[in-house]
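Undergrad: Residue numbers for the first sequence, in the working numbering: 7 to 124.
It should be emphasised that the hints constitute simulated quantities derived from the structure, not laboratory data.
Honestly, I wouldn't trust all of these hints.
[Stated by the list, open to error] Calculated cross-link-like contacts (lysine to any residue; reagent style SDA-like; alpha-carbon spacing at most 25 Å):
id : residue 1 : residue 2
1  : K87       : A72
2  : K87       : L122
3  : K87       : T8
4  : K14       : S82
5  : K105      : L122
6  : K48       : A116
7  : K105      : R71
8  : K48       : A65
9  : K87       : R71
10 : K105      : E83
11 : K105      : P23
12 : K105      : G51
13 : K105      : P54
14 : K87       : L115
15 : K87       : F120
16 : K87       : G38
[To be verified] Computed Cβ-Cβ distance ranges for the label pairs, DEER-style:
id : residue 1 : residue 2 : range
17 : L118      : T8        : 20 to 28 Å
18 : A98       : A11       : 16 to 24 Å
19 : S82       : K105      : 29 to 37 Å
20 : F120      : Q63       : 29 to 37 Å
21 : N101      : G38       : 17 to 25 Å
22 : N73       : N20       : 30 to 38 Å
23 : P54       : T8        : 13 to 21 Å
24 : Q63       : M7        : 17 to 25 Å
25 : A72       : E114      : 28 to 36 Å
A virtual CB, placed ideally from N, CA and C, is assigned to each residue, including glycine.
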Amino acid sequence: MTISAQDKIWATVNMIPVGNVASYGQIADLAGLPGRARLVGKCLGQLPTNNDNSDMQVAWHRVLRANGQIAFAAESEQALKQIGLLQEENVAVFNNRVKLAQYQWQPELAELLFGLKY
DNA sequence: CCAGTGACTATAC
DNA sequence: TGTATAGCCACTG
């Protein structure tokens with residue numbers, strides 16, 4: 007079976023542990039798509055009704071820019087929603103950004119291999 | 001083929 | 001921290 011780039015991206019995003027975050031570039035790398043940070047953002051935007059009632063729930067809110075900033079304009083609907091979801095997971099968001107030093111996901115080999123069983 | 005665009009990044013100041 | 005600039009890649013017209 008052929009796995010599309012966006013499937014890899016979604017699968018990778020879903021491996022981010024609760025309470026942690028990752029950057030677009032980081033997801034691209036882990037998904038085997040180095041240099042495709044923008045593609046990650048694009049695919050997250052193509053998510054099938056991230057609302058309810060979806061087989062696949064993608065934790066898109068755990069993906070930030072390389073500097074920990076939310077990818078949306080502060081005060082925008084999307085940004086506010088993302089901030090809310092993050093705070094549900096005890097991730098502090100201050101001034102539309104997160105302290106990567108404290109929350110950035112640092113994947114371990116065993117963890118990655120376990121996630122590859124999809 | 002070229003130019004513009006975008007949930008991006010790295011570097012320099 | 002913030003802004004500016006230049007790459008980046010996939011897509012579109």
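Undergrad: Against each hint, give a clear statement of whether it holds in the structure.
TA: How the hints compare with the structure:
Restraint check: the Cα-Cα separation between K87 and A72 comes to about 20 Å, which is no more than 25 Å; the hinted pair holds. Simply put, K87 and L122 have alpha-carbon atoms about 29 Å apart, too far for the 25 Å limit, and the pair is violated. The suggested pairing of K87 with T8 is violated, with an alpha-carbon distance near 33 Å, which exceeds 25 Å. Proximity of K14 to S82 is assessed by CA-CA distance (about 28 Å); at most 25 Å being required, the pair is judged violated.
For a cut-off of 25 Å, the pair hint linking K105 to L122 is broken: about 28 Å separates their Cα positions. Among the hinted pairs, K48 with A116 is inconsistent with the structure: their alpha-carbon atoms are about 29 Å apart, more than 25 Å. With a C-alpha separation of about 12 Å, the suggested pairing of K105 with R71 holds against the 25 Å cut-off. The suggested pairing of K48 with A65 holds, with an alpha-carbon distance near 15 Å, which does not exceed 25 Å.
For a cut-off of 25 Å, the pair hint linking K87 to R71 stands: about 16 Å separates their Cα positions. Our distance criterion of 25 Å between C-alpha atoms is met by K105 and E83, whose separation comes to about 22 Å. For the hint pairing K105 with P23, the CA-to-CA distance comes to about 16 Å; that is within 25 Å, so the pair holds. Proximity of K105 to G51 is assessed by CA-CA distance (about 24 Å); at most 25 Å being required, the pair is judged to hold.
Proposed proximity of K105 and P54 is contradicted: the alpha carbons are some 29 Å apart, above 25 Å. Only pairs whose Cα atoms come within 25 Å are accepted, and K87 paired with L115 is rejected, the gap being roughly 32 Å. Of the supplied pair hints, the one linking K87 and F120 is violated, its CA atoms being roughly 30 Å apart against a limit of 25 Å. Restraint check for K87 and G38: not satisfied, since their Cα atoms lie roughly 29 Å apart, outside the 25 Å limit.
At roughly 21 Å, the beta carbons of L118 and T8 sit within the given window of 20 to 28 Å. A hinted range of 16 to 24 Å is violated for the C-beta pair A98 and A11, which are about 32 Å apart. A hinted range of 29 to 37 Å for the beta carbons of S82 and K105 is inconsistent with their spacing of about 21 Å. Between F120 and Q63 the Cβ separation comes to about 19 Å, which falls outside the hinted range of 29 to 37 Å.
Between N101 and G38, the C-beta spacing of about 33 Å breaks the proposed range 17 to 25 Å. A beta carbon spacing of about 23 Å between N73 and N20 contradicts the range 30 to 38 Å that was offered as a hint. Evaluation of the 13 to 21 Å hint for P54 and T8 yields a pass: the beta carbon distance comes to about 19 Å. Against the hinted window of 17 to 25 Å, the Cβ-Cβ separation of Q63 and M7 comes to about 21 Å, which satisfies the hint.
Distance hint for A72 and E114: a CB-CB separation of about 21 Å, inconsistent with the stated range 28 to 36 Å.
Of the numbered hints given earlier, the model fails hints 2, 3, 4, 5, 6, 13, 14, 15, 16, 18, 19, 20, 21, 22 and 25; all others are met.
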